[in-house]
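Asks: Whole structure, please, built from the sequences with the hints as guidance.
Counting the sequence shown from 1 gives a position; our numbering is that position plus 350.
It is worth saying that the hints were derived from the structure and are not from the lab. All figures in this text were calculated on a predicted structure; none of them were measured in a lab. Please note: incorrect hints may appear among the correct ones.
To be verified - The calculated label-pair distances, taken between Cβ atoms and stated as ranges, are:
#1 E520 <-> A475: 29 to 35 Å
#2 A445 <-> P421: 17 to 23 Å
#3 D621 <-> L472: 32 to 38 Å
For glycine and all other residues, C-beta sits at the position ideal for the given N, C-alpha and C.
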Amino acid sequence: MKTPSSRQSRWSRLFAPRRTGHSDLKARLAHLLESAQGTARRDRSLGPEALALLANILENGELRVEDVMVPRVDVVAIETELPFEEAVRRMIEAAHSRLPVYRASLDEVVGMIHVKDALRLLYEARSAQQMPEWKDIIRPVLFVAPSMRVLDLLARMRAQRIHMAIVVDEYGGTDGLVTIEDLVEQIVGEIEDEHDTAEPERIRPLGAGRFDIDARLPIEELEEISGLSFPSAEEEDIDTVGGLVFALAGRVPEIGERIRDPSGLRFEVLDADPRRLKRLRITLPRTRRRGAARAGSETAGGSDTAGGG
Numbered sequence: 351m352k353t354p355s356s357r358q359s360r361w362s363r364l365f366a367p368r369r370t371g372h373s374d375l376k377a378r379l380a381h382l383l384e385s386a387q388g389t390a391r392r393d394r395s396l397g398p399e400a401l402a403l404l405a406n407i408l409e410n411g412e413l414r415v416e417d418v419m420v421p422r423v424d425v426v427a428i429e430t431e432l433p434f435e436e437a438v439r440r441m442i443e444a445a446h447s448r449l450p451v452y453r454a455s456l457d458e459v460v461g462m463i464h465v466k467d468a469l470r471l472l473y474e475a476r477s478a479q480q481m482p483e484w485k486d487i488i489r490p491v492l493f494v495a496p497s498m499r500v501l502d503l504l505a506r507m508r509a510q511r512i513h514m515a516i517v518v519d520e521y522g523g524t525d526g527l528v529t530i531e532d533l534v535e536q537i538v539g540e541i542e543d544e545h546d547t548a549e550p551e552r553i554r555p556l557g558a559g560r561f562d563i564d565a566r567l568p569i570e571e572l573e574e575i576s577g578l579s580f581p582s583a584e585e586e587d588i589d590t591v592g593g594l595v596f597a598l599a600g601r602v603p604e605i606g607e608r609i610r611d612p613s614g615l616r617f618e619v620l621d622a623d624p625r626r627l628k629r630l631r632i633t634l635p636r637t638r639r640r641g642a643a644r645a646g647s648e649t650a651g652g653s654d655t656a657g658g659g
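Replies: Shown next as structure tokens:
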């Protein structure tokens, strides 16, 4: 019996660069999916689970690394000069199995450490009664462009057996990171482990034209639930609601602060730190409240399925 991950790896290889053009191959697979869905009741060789995986691969065929990466501001990393005990404590607090290692600044990532290597080193050091040299367990990472296709990176990670990639900009600076787990989740759905915590809803309708939203919500989704447009976001190349509020205030607003957009939409900061906004409450103008509740409910339902990074 083939598992979802084995099917995923088999199908993802179809998208690796080969003689067949990517657009032609994608069109053939789309036709296969359409045909399989239409005859699923008569032909059980491709079950619902397999169809869903194939649909996810088609849907994510043009997805880029920048769409799924952990942004730089959220990256937890370890400096090379950090004492071993402090490095282990950082891993425990972060509840991640892998952490990047950098020299001097996050723009100089030299590799990553895996928690199982750290635990093994700790055990060996205690047995030998000596201080562990944790730099010996640094593993390599990949360095990739934000525009790289997710499926191409997944194939490269599997081929080279490297499970973390650092996303770098044109000047070599660190934009963020992505792990192989992040990429697989795009295909097979959310992979939960004992360290995962429940993510708050990206959009939570409160009634009376009010919504609690994730500050990372794309501007397009805000326009969809509000029925409003935000030309300043397009003019200033702003992608998220948090970015819009930051631009309106000219700084990172504090918790409890209220900001008004020229469209009449009001924002209240529910959660933030000194560097970024995390959660906002929006209140629509009275003229936009009637149709927004239905749009917000539909969008919120779709957001739960999409997951998060």
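Asks: Each hint: holds or not?
Replies: Here is how each hint holds up against the structure:
Roughly 41 Å separates the CB atoms of E520 and A475, a value that falls outside the hinted 29 to 35 Å. Separation of A445 from P421 is about 18 Å and conforms to the stated range, judged on CB atoms against 17 to 23 Å. At roughly 35 Å, the beta-carbon separation of D621 and L472 lies within the given 32 to 38 Å, and the hint holds.
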